[in-house]
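Got chain A sorted already, so can you dock chain B onto it with the hints?
Here is what each chain is made of, one letter per residue.
Protein chains: 2
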Amino acid sequence: LKVGLAGLGTVGAAVARELSVKSELLAERSGRSIEVVAVSARDKNKDRGISLEGIEWFENAVALAESPDVDVVAELIGGSDGIAFDVVKTALERGRHVVTANKALVALHGVEIASIADEKGVALNYEAAVAGGIPVIKALREGLVVNRISRVFGILNGTCNYILTNMEATKRPFTDVLKEAQDLGYAEADPTFDVDGIDAAHKLSILAALAFGARVDFDGVYCEGIRRIAPVDFEYAAQFGYRIKLLAIAENSEDGVIQRVHPCIVPINTPIADVNGVSNAVIAEGDAVGQTVYEGPGAGDGPTASAVIADIVDIARGLIQPAFMRPASRLAPLQRGDLSQRVGAFYLRLGVLDRPGVIAKVTQVLAEQEISIGSFVQRGVTEDGAVNVVIMTHTTTEAAFGRALSAIESLSEVVEKPCKIRVEDF
Amino acid sequence: LKVGLAGLGTVGAAVARELSVKSELLAERSGRSIEVVAVSARDKNKDRGISLEGIEWFENAVALAESPDVDVVAELIGGSDGIAFDVVKTALERGRHVVTANKALVALHGVEIASIADEKGVALNYEAAVAGGIPVIKALREGLVVNRISRVFGILNGTCNYILTNMEATKRPFTDVLKEAQDLGYAEADPTFDVDGIDAAHKLSILAALAFGARVDFDGVYCEGIRRIAPVDFEYAAQFGYRIKLLAIAENSEDGVIQRVHPCIVPINTPIADVNGVSNAVIAEGDAVGQTVYEGPGAGDGPTASAVIADIVDIARGLIQPAFMRPASRLAPLQRGDLSQRVGAFYLRLGVLDRPGVIAKVTQVLAEQEISIGSFVQRGVTEDGAVNVVIMTHTTTEAAFGRALSAIESLSEVVEKPCKIRVEDF
Numbered sequence: 001l002k003v004g005l006a007g008l009g010t011v012g013a014a015v016a017r018e019l020s021v022k023s024e025l026l027a028e029r030s031g032r033s034i035e036v037v038a039v040s041a042r043d044k045n046k047d048r049g050i051s052l053e054g055i056e057w058f059e060n061a062v063a064l065a066e067s068p069d070v071d072v073v074a075e076l077i078g079g080s081d082g083i084a085f086d087v088v089k090t091a092l093e094r095g096r097h098v099v100t101a102n103k104a105l106v107a108l109h110g111v112e113i114a115s116i117a118d119e120k121g122v123a124l125n126y127e128a129a130v131a132g133g134i135p136v137i138k139a140l141r142e143g144l145v146v147n148r149i150s151r152v153f154g155i156l157n158g159t160c161n162y163i164l165t166n167m168e169a170t171k172r173p174f175t176d177v178l179k180e181a182q183d184l185g186y187a188e189a190d191p192t193f194d195v196d197g198i199d200a201a202h203k204l205s206i207l208a209a210l211a212f213g214a215r216v217d218f219d220g221v222y223c224e225g226i227r228r229i230a231p232v233d234f235e236y237a238a239q240f241g242y243r244i245k246l247l248a249i250a251e252n253s254e255d256g257v258i259q260r261v262h263p264c265i266v267p268i269n270t271p272i273a274d275v276n277g278v279s280n281a282v283i284a285e286g287d288a289v290g291q292t293v294y295e296g297p298g299a300g301d302g303p304t305a306s307a308v309i310a311d312i313v314d315i316a317r318g319l320i321q322p323a324f325m326r327p328a329s330r331l332a333p334l335q336r337g338d339l340s341q342r343v344g345a346f347y348l349r350l351g352v353l354d355r356p357g358v359i360a361k362v363t364q365v366l367a368e369q370e371i372s373i374g375s376f377v378q379r380g381v382t383e384d385g386a387v388n389v390v391i392m393t394h395t396t397t398e399a400a401f402g403r404a405l406s407a408i409e410s411l412s413e414v415v416e417k418p419c420k421i422r423v424e425d426f
Numbered sequence: 001l002k003v004g005l006a007g008l009g010t011v012g013a014a015v016a017r018e019l020s021v022k023s024e025l026l027a028e029r030s031g032r033s034i035e036v037v038a039v040s041a042r043d044k045n046k047d048r049g050i051s052l053e054g055i056e057w058f059e060n061a062v063a064l065a066e067s068p069d070v071d072v073v074a075e076l077i078g079g080s081d082g083i084a085f086d087v088v089k090t091a092l093e094r095g096r097h098v099v100t101a102n103k104a105l106v107a108l109h110g111v112e113i114a115s116i117a118d119e120k121g122v123a124l125n126y127e128a129a130v131a132g133g134i135p136v137i138k139a140l141r142e143g144l145v146v147n148r149i150s151r152v153f154g155i156l157n158g159t160c161n162y163i164l165t166n167m168e169a170t171k172r173p174f175t176d177v178l179k180e181a182q183d184l185g186y187a188e189a190d191p192t193f194d195v196d197g198i199d200a201a202h203k204l205s206i207l208a209a210l211a212f213g214a215r216v217d218f219d220g221v222y223c224e225g226i227r228r229i230a231p232v233d234f235e236y237a238a239q240f241g242y243r244i245k246l247l248a249i250a251e252n253s254e255d256g257v258i259q260r261v262h263p264c265i266v267p268i269n270t271p272i273a274d275v276n277g278v279s280n281a282v283i284a285e286g287d288a289v290g291q292t293v294y295e296g297p298g299a300g301d302g303p304t305a306s307a308v309i310a311d312i313v314d315i316a317r318g319l320i321q322p323a324f325m326r327p328a329s330r331l332a333p334l335q336r337g338d339l340s341q342r343v344g345a346f347y348l349r350l351g352v353l354d355r356p357g358v359i360a361k362v363t364q365v366l367a368e369q370e371i372s373i374g375s376f377v378q379r380g381v382t383e384d385g386a387v388n389v390v391i392m393t394h395t396t397t398e399a400a401f402g403r404a405l406s407a408i409e410s411l412s413e414v415v416e417k418p419c420k421i422r423v424e425d426f
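Keeping their order, the protein sequence lines are chains A and B.
Oh and the first sequence: position 2 is 2 in the working numbering, straight run, nothing missing.
Oh and the second sequence: position 290 is 290 in the working numbering, straight run, nothing missing.
Pulled out of the complex, with its shape left as it was, chain A reads as follows (with noise of 0.2 Å):
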């Protein structure tokens, strides 16, 4: 089987790198040699710790893409549009296999690729794309495929479990936390993707198409980041007896399916809450299997360049199914479900000025919207005069929680924005 790499970063090296070590032990276990014969990058001088003799090089990976002399292409160029999108396309095209470890370019453009390799009755495999080395895309086409999934949820970005994990060991702010972990490489120069969401939530669109057999619907996730969490309220959710991840949820209800990514309060004893650093973890909850859960390493070369040679030699034994499970023709558009009707409790901190009658024009808000509290704490006066006040609540909807916190946060002893965190009792 020849392998062309579209991308030789430290991933595409990786590839590169196993492919040759283990070519042996590969072609024992999938009963087919898998070679590179066709590299594309931008240098081809730079060192990367792996020899290219003997294998052809693209200035262009496009035309690596349309080369006859490949048989499976693997993108490891990144980003939703552009060249990889051009790679993806153009093999898939050429009736070339087609491996990728874009979340991005998956989450937009998936259904569009499918539908190629569809009609070609090629391969377009993705496992690297969500959850890295952990194969739980796998899982879900294969290992589940006879259930019908209710629920899909994990911590599928490791720079904020990162980032978030650290805040509560350390008590030090986001922002250096979040150097530190630029520093370390676990963060972008530029964490947007990241840290407010967006990678998750591309992950997680792609489980929840998968999951519930529809098309991917990346722009229906709600999506919120994990910016405004402060190290107080590591400590007010640990005087609760929870801790704060950054979770991603797709879940069906009553009108449709609602995807989520956001902050959440989750019990300390629960498995998600003990999931740290930079791994991942997917769990998933069908109909005849319950619930499994699937944890490790969600990044890296190593992990990443683990699920691309599974893609691949899925490929050499011969297993080519549809991208999304079923026909990418047949793929219906995700039915959306509604996330002001979905009922839970909140975590709500306010920075409010110190003076009489402010807690009570805060619990008349929530008394009008009929949230109950479960817990209070106000706290004595911050350096900067104002008073930190934690409010749990019980249980009420999405819709009355966002008139109260709208009337809340238009009182004019509210003076900073309020941290609102989902309670999620899994």
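Some clues are possibly wrong.
Identical copies carry no separate label here, and so any pair may be met within one copy or between two of them.
[Claimed, not checked] Calculated cross-link-like contacts (lysine-lysine; reagent style DSBU-like; alpha-carbon spacing at most 35 Å):
| # | residue 1 | residue 2 |
| --- | --- | --- |
| 1 | K171 | K361 |
| 2 | K120 | K420 |
| 3 | K361 | K2 |
| 4 | K89 | K2 |
| 5 | K361 | K89 |
| 6 | K120 | K89 |
| 7 | K120 | K22 |
| 8 | K2 | K120 |
| 9 | K22 | K89 |
| 10 | K179 | K420 |
| 11 | K44 | K420 |
| 12 | K120 | K179 |
| 13 | K2 | K179 |
| 14 | K171 | K46 |
| 15 | K46 | K22 |
In case anyone wonders, no lab produced these hints; they're calculated from the structure.
Same frame as chain A, now just chain B:
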């Protein structure tokens, strides 16, 4: 794809039901209609909550395996020999694909039947044989295919995990909790296979064959059950920050692979310590991916049917691969490592007479084997006049500890068989 079900117990009936109820879903997802055309069981008239209309009935399961109308035989009878073995062998010899949930059969005859499958070019799939509904065979055979596995371990017997979880929670003795597990249907009338670790050893030997690319070596599994664990052991373990689990562990050592099933003391804050009740968990350590964790229901009709049907769908999709990743003829015997060279710490509980000098004797024996003591707890006199002494050693070898234990057991002041538990710091 025409399926014959050999065995219509609770699992067989669940497979028939799911295949019938989800026939449309499965046809969409697998691109092929999958139909039960033949069944075999003892009593035709028993009410199983499923319709057998239009399905050929076989009194004799071997005759079902011989039927030319069947493409896939699902063996759901159980037992390592006898009729289950005959059915599988016959089906494979006739060129039918086989799916089985039978861990004893695969553990004892896996390579023999895999050879027949290879020869006939058919599949032998056994996802349900290990860890119930968790797709862990698929993870090892496919998802982690490029990895050299250094260790695979986990909680593979839900009955033992249920018993240990409940002994810890309720402080009741083993026999009481076993009785309860039997009443709830979590343990068999004859619990030997479960509580003595044999079932876990069956499953471990299958995982080890896959992980280390060798023939299944059930006889090479060191196996110790949970009958000697007492409620007091959970209390002592908790004092030291530990919990007790029956683990199955296969790992590469210097001279080969050590396979072992025995109670372990594990730190409370590790993921494996939080796997409770009838759940199973498998952790695999690969050189490319690092550590991945798989957790979920290890038994039950629904989870088992989920795995059996996933195996059938793989066949429907055309994925036919050797049972143990490479052809059976090319599987070498598992090179066994030497357990006596294993290095680790031990928990040891002794019942000793309340006499001067006993502790001096015990500690002298340990010192002679150069075993240092990490913690030492002695409790007041028990009802029968003995004193409970609990020792946590520092790391030592199995061999040295074994010699010390023999010497301690032969002391006249040691009045009951000591309880030793290995400490594992994963």
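How the hints compare with the structure:
1. In this assembly of identical chains, the alpha carbons of K171 and K361 lie at most 35 Å apart only when taken from the same copy (31 Å versus 50 Å across copies).
2. Taking the shortest Cα distances, K120 and K420 never come within 35 Å of each other, neither inside one copy (48 Å) nor across copies (62 Å).
3. Taking CA atoms no more than 35 Å apart as the test, K361 paired with K2 passes in neither setting, with 69 Å inside one copy and 69 Å between copies.
4. Proximity of K89 to K2 under the C-alpha cut-off of 35 Å is restricted to the intra-copy arrangement: shortest distance 18 Å within a copy versus 37 Å between copies.
5. Within a single copy, K361 and K89 get their C-alpha atoms no closer than 58 Å, and across copies no closer than 77 Å, so neither meets the 35 Å cut-off.
6. In this homomeric assembly, K120 and K89 come within 35 Å of each other (Cα to Cα) only inside a single copy, at 11 Å, whereas the closest approach across copies is 39 Å.
7. For a Cα distance limit of 35 Å, the shortest separation of K120 from K22 qualifies both inside one copy, at 30 Å, and across copies, at 28 Å.
8. Taking the shortest alpha-carbon separations for K2 and K120, both the intra-copy value of 18 Å and the inter-copy value of 28 Å come in at or below 35 Å.
9. Proximity of K22 to K89 under the C-alpha cut-off of 35 Å is found in both arrangements, the shortest distances being 29 Å within a copy and 34 Å between copies.
10. When the C-alpha separation of K179 and K420 is checked against a cutoff of 35 Å, the pair qualifies only within one copy, where the shortest distance is 24 Å, while the shortest distance between copies is 48 Å.
11. For a Cα distance limit of 35 Å, the shortest separation of K44 from K420 qualifies neither inside one copy, at 50 Å, nor across copies, at 60 Å.
12. In the homo-oligomer, the alpha carbons of K120 and K179 never lie at most 35 Å apart, since the shortest distance is 46 Å inside one protomer and 59 Å across protomers.
13. Taking CA atoms no more than 35 Å apart as the test, K2 paired with K179 passes in neither setting, with 41 Å inside one copy and 59 Å between copies.
14. For the homomeric pair K171 and K46, neither the shortest alpha-carbon distance inside one copy (41 Å) nor that between copies (64 Å) is at most 35 Å.
15. With identical chains, the CA atoms of K46 and K22 are at most 35 Å apart within one copy only, with a shortest distance of 23 Å there and 53 Å across copies.
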